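In order, the protein sequences belong to chains A and B. Everything in the first sequence is counted per our numbering, starting at 2 for the first residue and increasing by one. Everything in the second sequence is counted per our numbering, starting at 48 for the first residue and increasing by one.
No lab work stands behind these hints: they were computed from the structure. The structure displayed is predicted, hence computed values, not measured ones. A few of these clues could be false.
[Said to hold, decoys possible] List time: in silico SDA-like cross-link candidates among lysine to any residue, alpha-carbon distance up to 20 Å:
(1) Lys140(B) / Arg125(A)
(2) Lys271(B) / His281(B)
(3) Lys140(B) / Asp122(A)
(4) Lys140(B) / Leu113(A)
(5) Lys140(B) / Pro119(A)
(6) Lys86(B) / Met19(A)
(7) Lys140(B) / Glu43(A)
(8) Lys140(B) / Glu123(A)
(9) Lys147(A) / Gly78(A)
(10) Lys86(B) / Gly40(A)
(11) Lys4(A) / Phe50(B)
(12) Lys4(A) / Arg98(B)
(13) Lys86(B) / Arg198(B)
(14) Lys86(B) / Cys39(A)
(15) Lys86(B) / Thr20(A)
[Claimed, not checked] Covered, in the sense of this in silico footprint (three residues per stretch, anywhere, with C-beta under 8 Å from a C-beta of chain A), are these stretches of chain B:
(16) 48-54
(17) 81-92
(18) 143-156
(19) 289-296
[To be verified] Some chain B residues flagged as far from chain A (calculated, every beta-carbon gap over 12 Å):
(20) Thr119
(21) Pro162
(22) Glu178
(23) Arg183
(24) Gly246
We put the beta carbon where it would ideally sit given N, CA and C, even for glycine.
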Amino acid sequence: MAKMTVNGQEVTVSAPPMTRLIDVLREQMLLTGTKEGCGEGECGSCTVLLDGEPVNSCLVLVGQAIDRQVTTVEGLGNAERLSPLQACFISEGGAQCGICTPGMLVSAHALLERKPHPTDDEIREAIAGNLCRCTGYQRIVNAIRKAASV
Amino acid sequence: MIFSQPQSLTALFDELASAGDRPVLIAGGTDWIVEQHLKPTAAQRVLDLSRLAELRTLSVDGEGLRIGAGVTYRQLIEDERTRPWPMLAEMAKLVGAWQIQARGTLGGNVATGSPAGDSLPVLMAYGAQVELGSVRGTRLVPFEAFYVGYRRTVMAADEAITAIWLPTPAAGAVTQYRKVGTRRAQAISKVAFAGYAAGETIRLGMASVGPTVMTLPHTTAALKNGSDPVAALHEDITPLDDVRSTATYRMFVAENLVRAFADALAGR
Numbered sequence: 002m003a004k005m006t007v008n009g010q011e012v013t014v015s016a017p018p019m020t021r022l023i024d025v026l027r028e029q030m031l032l033t034g035t036k037e038g039c040g041e042g043e044c045g046s047c048t049v050l051l052d053g054e055p056v057n058s059c060l061v062l063v064g065q066a067i068d069r070q071v072t073t074v075e076g077l078g079n080a081e082r083l084s085p086l087q088a089c090f091i092s093e094g095g096a097q098c099g100i101c102t103p104g105m106l107v108s109a110h111a112l113l114e115r116k117p118h119p120t121d122d123e124i125r126e127a128i129a130g131n132l133c134r135c136t137g138y139q140r141i142v143n144a145i146r147k148a149a150s151v
Numbered sequence: 048m049i050f051s052q053p054q055s056l057t058a059l060f061d062e063l064a065s066a067g068d069r070p071v072l073i074a075g076g077t078d079w080i081v082e083q084h085l086k087p088t089a090a091q092r093v094l095d096l097s098r099l100a101e102l103r104t105l106s107v108d109g110e111g112l113r114i115g116a117g118v119t120y121r122q123l124i125e126d127e128r129t130r131p132w133p134m135l136a137e138m139a140k141l142v143g144a145w146q147i148q149a150r151g152t153l154g155g156n157v158a159t160g161s162p163a164g165d166s167l168p169v170l171m172a173y174g175a176q177v178e179l180g181s182v183r184g185t186r187l188v189p190f191e192a193f194y195v196g197y198r199r200t201v202m203a204a205d206e207a208i209t210a211i212w213l214p215t216p217a218a219g220a221v222t223q224y225r226k227v228g229t230r231r232a233q234a235i236s237k238v239a240f241a242g243y244a245a246g247e248t249i250r251l252g253m254a255s256v257g258p259t260v261m262t263l264p265h266t267t268a269a270l271k272n273g274s275d276p277v278a279a280l281h282e283d284i285t286p287l288d289d290v291r292s293t294a295t296y297r298m299f300v301a302e303n304l305v306r307a308f309a310d311a312l313a314g315r
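Modelling step: build the complete structure from the supplied sequences, incorporating the hints.
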């Protein structure tokens with residue numbers, strides 16, 4: 002039985018190994034927080050953590066994720082219990098249409114795990130693979146900076 | 048499509064030896080999966096290398112650095128042992144973004160052999176060798192002999208890249224890496240340059256100005272004998288117009304990159 006761990010829970014993967022991880026997460030597991038913006042690894046809206054590292058889930062074959070740990074935005078927090086990052090995105094206005102937001106949160110989470118007090122340059126480099134068409138990025142950077150100070 | 052995941056190098060070589068047509072080999076998949084997304088092909092067999100831990104090792108000895116083919120750009124950035132080869136991390140930081148750096152591998156970049164491949168000019172400048180493995184054993188190919196045409200290498204159908212070797216740079220070596228693209232992240236280069244100079248040794252690599260990574264022999268000779276390297280550059284490259292840039296712009300930028308390196312050498 003092919004298994005992987007998603008947001009701390011072991012799941013059985015029934016999809017063929019060459020199915021994209023993004024499709025297994027969204028279609029099999031109904032974790033629709035992860036978005037598909039380009040399908041080419043350019044926009045970052047599909048970003049999840051694979052063994053703690055941000056990756057584009059549109060470029061991971063589920064066969065490559067077997068026996069590994071996947072974290073999606075749903076694993077960071079939820080409406081009842083917002084993570085500090087999620088709360089700061091709300092308070093700082095870091096989301097408008099929200100399409101880039103799950104990927105932004107995942108990348109920002111990975112950054113703060115490694116660098117609890119990043120500089121603005123480090124924040125911008127960490128989210129360089131997450132494109133936003135709405136905010137102009139400044140409020141996203143503000144939100145991450147604020148979360149780092151909490 | 049058949050998907051297989053060899054669990055050892057022996058299993059990988061056996062599979063390559065017994066395959067009819069050469070299978071597709073993927074590690075991070077950051078080139079192949081995108082190609083499939085844009086233009087699906089009927090590949091029959093896909094070999095996933097992601098279980099081969101021995102390809103993800105990096106080691107240093109007195110001779111130099113051995114980088115396993117499965118080492119990611121992220122590893123090149125984070126592993127302190129690459130510091131004597133500073134262009135490795137400088138280049139890796141400009142590949143895509145974090146998400147791509149976490150998956151893309153050096154072996155994948157070399158095997159794909161795009162003329163725009165980010166690591167190729169750096170490996171050329173550092174005098175790299177490509178380690179190839181198969182059921183028949185291991186062999187080393189000097190980087191300047193590895194490509195024979197557009198995306199064509201000297202690899203036999205049953206061979207896989209197992210590692211890249213870089214000799215230890217000489218003390219006081221001057222290196223310069225520059226990638227020119229549309230933006231600092233998520234950009235394929237319009238022109239990229241890597242230069243290495245130590246004593247009498249000068250090695251150059253340039254991307255996106257020919258069918259494969261270019262070694263610029265006339266430019267190198269000019270830098271050594273004091274004649275005009277920018278004039279010599281015109282004997283080395285004839286860039287083209289394509290989706291990403293124009294011949295005129297590429298030539299203009301390439302000249303500037305060579306001038307910048309010549310200035311760095313004049314300063315030593």
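How the hints compare with the structure:
Between Lys140(B) and Arg125(A) the CA atoms are separated by roughly 13 Å; this keeps the pair inside 20 Å, and the hint holds. Restraint check for Lys271(B) and His281(B): satisfied, since their Cα atoms lie roughly 17 Å apart, inside the 20 Å limit. Under the criterion of a C-alpha separation no larger than 20 Å, the hint pairing Lys140(B) with Asp122(A) is consistent with the structure, at around 13 Å. Proposed proximity of Lys140(B) and Leu113(A) is supported: the alpha carbons are some 19 Å apart, at most 20 Å.
Taking the CA atoms of Lys140(B) and Pro119(A), the gap is near 17 Å; set against the 20 Å cutoff, the hint holds. The suggested pairing of Lys86(B) with Met19(A) holds, with an alpha-carbon distance near 16 Å, which does not exceed 20 Å. The hinted pair formed by Lys140(B) and Glu43(A) meets the criterion: a straight-line CA distance of about 15 Å does not exceed 20 Å. At most 20 Å may separate the alpha-carbon atoms for a hinted pair to count; Lys140(B) and Glu123(A) meet this at roughly 12 Å.
Taken as a hint, the Lys147(A) and Gly78(A) pair is honoured in the structure, with Cα atoms around 17 Å apart against an allowance of 20 Å. For a cut-off of 20 Å, the pair hint linking Lys86(B) to Gly40(A) stands: about 12 Å separates their Cα positions. The suggested pairing of Lys4(A) with Phe50(B) holds, with an alpha-carbon distance near 17 Å, which does not exceed 20 Å. With a C-alpha separation of about 15 Å, the suggested pairing of Lys4(A) with Arg98(B) holds against the 20 Å cut-off.
Of the pairs offered as hints, the one joining Lys86(B) and Arg198(B) holds, with about 17 Å between alpha carbons and a cut-off of 20 Å not exceeded. Using a Cα cut-off of 20 Å, the hinted pair Lys86(B) and Cys39(A) holds, with the two alpha carbons roughly 14 Å apart. Of the supplied pair hints, the one linking Lys86(B) and Thr20(A) holds, its CA atoms being roughly 16 Å apart against a limit of 20 Å. Closer than 8 Å: that is the beta-carbon criterion, and the segment 48-54 of chain B has 3 residues meeting it against chain A, so the requirement of 3 holds.
Coverage of a stretch by a chain is defined here by at least three residues with a beta carbon nearer than 8 Å to that chain's beta carbons; for the segment 81-92 of chain B and chain A the count is 3, and the condition holds. Coverage of the segment 143-156 of chain B by chain A holds [criterion: at least 3 residues with CB-CB distance below 8 Å; count 7]. Given a C-beta distance limit of less than 8 Å, the hint that chain A covers the segment 289-296 of chain B is violated, as 0 residues qualify and 3 are needed. A beta-carbon of chain A is positioned within 12 Å of the beta-carbon of Thr119(B); the least distance is around 9 Å.
The beta carbon of Pro162(B) is kept farther than 12 Å from every beta carbon of chain A, the shortest such distance being approximately 20 Å. No Cβ of chain A comes within 12 Å of the Cβ of Glu178(B); the nearest lies about 24 Å off, and the non-interface call holds. At roughly 28 Å, the least C-beta separation between Arg183(B) and chain A is larger than 12 Å, which holds for a residue marked as non-interface. For Gly246(B), the shortest C-beta to C-beta distance to chain A comes to about 35 Å, beyond the 12 Å cut-off, and the non-interface label holds.
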